[in-house]
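Peer 1: Letter by letter, the chains look like this.
Protein chains: 2
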Amino acid sequence: MDGLLDVKKQIKTYVETIADQKSIELLDLLPSGKMLRSKLILKIAGISDESIKLCAVVEMIHAASLLHDDVIDDATTRRGQQTINSIFDNKTSIMFGDILYSKAFTELTKMPQNIAYTISNAVTLLSVGELIDVELSKTFNTSYDKYLDMIYKKTASLIEASAKSAAIMSSKNSDNFSIYGRNLGLAFQMIDDILDITEDSAKLGKPSMLDFVEGKVTIPYLLLWDRINDGDKLILQSLYKKALTHDELEWIKSKMNETSVVMDSIKMARKYGLEAIEAIKDEQNEELVLIMTSMIERDF
Amino acid sequence: MDGLLDVKKQIKTYVETIADQKSIELLDLLPSGKMLRSKLILKIAGISDESIKLCAVVEMIHAASLLHDDVIDDATTRRGQQTINSIFDNKTSIMFGDILYSKAFTELTKMPQNIAYTISNAVTLLSVGELIDVELSKTFNTSYDKYLDMIYKKTASLIEASAKSAAIMSSKNSDNFSIYGRNLGLAFQMIDDILDITEDSAKLGKPSMLDFVEGKVTIPYLLLWDRINDGDKLILQSLYKKALTHDELEWIKSKMNETSVVMDSIKMARKYGLEAIEAIKDEQNEELVLIMTSMIERDF
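For the record, the sequence lines run as chains A and B.
Going by the working numbering, the first residue of the first sequence is number 38, and it counts up by one from there.
Going by the working numbering, the first residue of the second sequence is number 38, and it counts up by one from there.
Be a bit skeptical, because a hint or two may be false.
Identical copies carry no separate label here, and so any pair may be met within one copy or between two of them.
[To be verified] Here are the simulated lysine to any residue pairs, SDA-like style, with alpha carbons at most 25 Å apart:
#1 K147 <-> N210
#2 K183 <-> I272
#3 K147 <-> N158
#4 K175 <-> N266
#5 K49 <-> Y154
#6 K147 <-> S208
#7 K90 <-> Q150
#8 K253 <-> S60
#9 K71 <-> E323
#10 K147 <-> S215
#11 K183 <-> I61
Just so you know, these hints were derived from the structure itself, not from any lab.
On a predicted model such as this, the values are computed, not experimentally measured, just so you know.
Excised from the complex, chain A in its bound form (with noise of 0.2 Å):
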C-alpha cells in the first residue's frame, strides 16, 4: 500500500531529532510489523504530511507498547526476530520503548488537541490493559467479561483512538469510526489468541500454544472452560501456567475439538468484525471492509 513508507521514513526522521546514536540503531533493528494501524489511518484519512505523521507517532506508540511488552514476557522472538531485550537486555527495551513512547507524545502536541487527547488516552488505557493481562495471568481466569475489558484495552484502545483520530482529521464521523475500530480491534485480538492454538510455530515466529503456558485464558480457553465437567476442569487446571508435553498438548487440542470451541470463538470474532462493517456501512469505505473481511475470512 503507499504511504507506508512514507510513514517509515517519517518515524526514522522523528528518531533522527532525537540525535541519539543508540536509538538510530535500535529503530533499525525493530521488526516491521503489519502496520494494521496505519494502514486504517491512511484508508479513512487518505495520505497526507498531517495523516503520515499520525501514522508515525501511532506506529511508535504500538512498537514501544511491544518493547514493554517483551521484557514483561520474557519474550525473545518477535515475528520471528529476535527481541531488543533479548539481543541487548531489559534495561536497553524499557528504557528505548520510553524514548518511542515520549517522542511520539512530544510530536502529538504539535497536532490538533482533540487527536492528541485521544490518542494518549488510548495510551493509558492500553497500559492499564496490559497491567489487567499481568493481574489476569496471575491465577486462572474464568470471567469473560475481565477477558473482554483486558483486550479492549490492551489491543482495541489504540486502534479505536487511530480510526477516531483519521475521522477527526478528515472531517467523517468521528464516532462511526470508532466503534469500526473497537469492534475490529476485538475480533483482531481474538484471531490472533485463535492463531496461538491453530496455527503452528514457524507460521507464529514463536512456540504455539504459549498464551496458556503463560497465564493467559484466551477466549477458546474461556469457552473450553464452560463445556466441560468438572473431573476435565480440574486437569485443565493442572495444566494451566505449566511446560505442557506432547500428550498434554494433544488432550487440550482433542477437548477443544470435542467442544468446538476454536470453531465458536472464530464466529465471536466474526460477529465484531460484522459489528465493525455495519458501524461504517454509510462510509462507503470499501477498503475498510476489505481490510475486515481478509482478517475474519481466513483460514485458521
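Dock chain B against the given chain A, drawing on the hints supplied.
Peer 2: Below, chain B without anything else, positioned relative to chain A:
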C-alpha cells in the same frame, strides 16, 4: 509549603479517573519525595488550579521515570522504602510507570501547546539520558563531557522544563527560568552524586558508595581519575563494578581525601548553583534563590 498537599490530591484525582483499582493501590505505595519540581513551579507561577495541575503532571512523570529506573537498577529500596518492583515485580513497575506517563501526557494535552511540548520533549531527553546512563555504566567512563551530557538529560531536563513551563504559565521570562532550572538540575545531580560518597547508608536509605559498584563514574570519581598516577588508576579500574570490601572502600576514600576531589566536586556543583541564581537575579524571587542556596550550602 502550601500547595504541595493540593498537588498530591490532584495526582490522586488523576489516577482515580483512570478507574483501575490496582493503579490506585500502587499510587499509595509510592514514596513521597521532596517534590522539588513542584516547589519550583509553585514558586515561579504561584498557586492556582493551573499550576497545581502542571505540578501533578510533572510529579507523575518523575514518579514514572523512577519506577522504570528502579527496574533498570534492580533497586529494592528508594528513600528507605521498598520499591514497587521489590514488593510486586518488574512487570508491575514497568506498567504502572507507563500508566503514570500516559496519564500525565493525556492531561498535558489540555494545557497550552508550548507547555505540553516543553514537558513532553523533556521526557524524551530524560529517557535518552537513562539510556546513556545504561551505556556509560557498561565500561569505565572517563569523559567529563559524556557525564555532563548524561546528567543534563537524565536529571536537569525535566527540572529545566518545569521552571520554563511555570514561567510560560505566569508570563515570566522563560529563557531566564530555563537557565535557572537547567543549572539547578545539574547542581542537584552533582550533589546527589557527592552524597553517595559522603553520607552513610541510613541517611541515604540505600548502601553508601553504591554508584561506583553499579558502574556509575560520577563527578568525584572523574576528578579522582584525572588526579591519580597510573598505578592507582589500575587499582581504581580493578575495583570498578565490584562489591567492595571494607579495605577497598577505605582505599578509595583515602585517595579521594588526598586529592580533595569531594571538595572540588562541591565547588563545581556550587558553580552551577551560582549560575542558576545569576540567571534570575532580575526576577526578585528570593525563594528560588533560597532553594538553590539551601541545596549547595549544606553539610556534606
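Peer 1: It remains to establish, for every hint, whether it holds in the given structure.
Peer 2: Verification of the supplied hints:
1. K147 <-> N210: both (23 Å within a copy, 23 Å between copies)
2. K183 <-> I272: within (23 Å within a copy, 58 Å between copies)
3. K147 <-> N158: For K147 and N158, both the intra-copy (16 Å) and inter-copy (11 Å) Cα distances are at most 25 Å.
4. K175 <-> N266: within (23 Å within a copy, 55 Å between copies)
5. K49 <-> Y154: both (24 Å within a copy, 20 Å between copies)
6. K147 <-> S208: both (18 Å within a copy, 21 Å between copies)
7. K90 <-> Q150: both (15 Å within a copy, 17 Å between copies)
8. K253 <-> S60: between (32 Å within a copy, 21 Å between copies)
9. K71 <-> E323: Only inside one copy: K71 and E323 sit 19 Å apart there, 57 Å across copies, limit 25 Å.
10. K147 <-> S215: The answer is both: 22 Å in one copy and 21 Å across copies each meet 25 Å.
11. K183 <-> I61: between (39 Å within a copy, 18 Å between copies)
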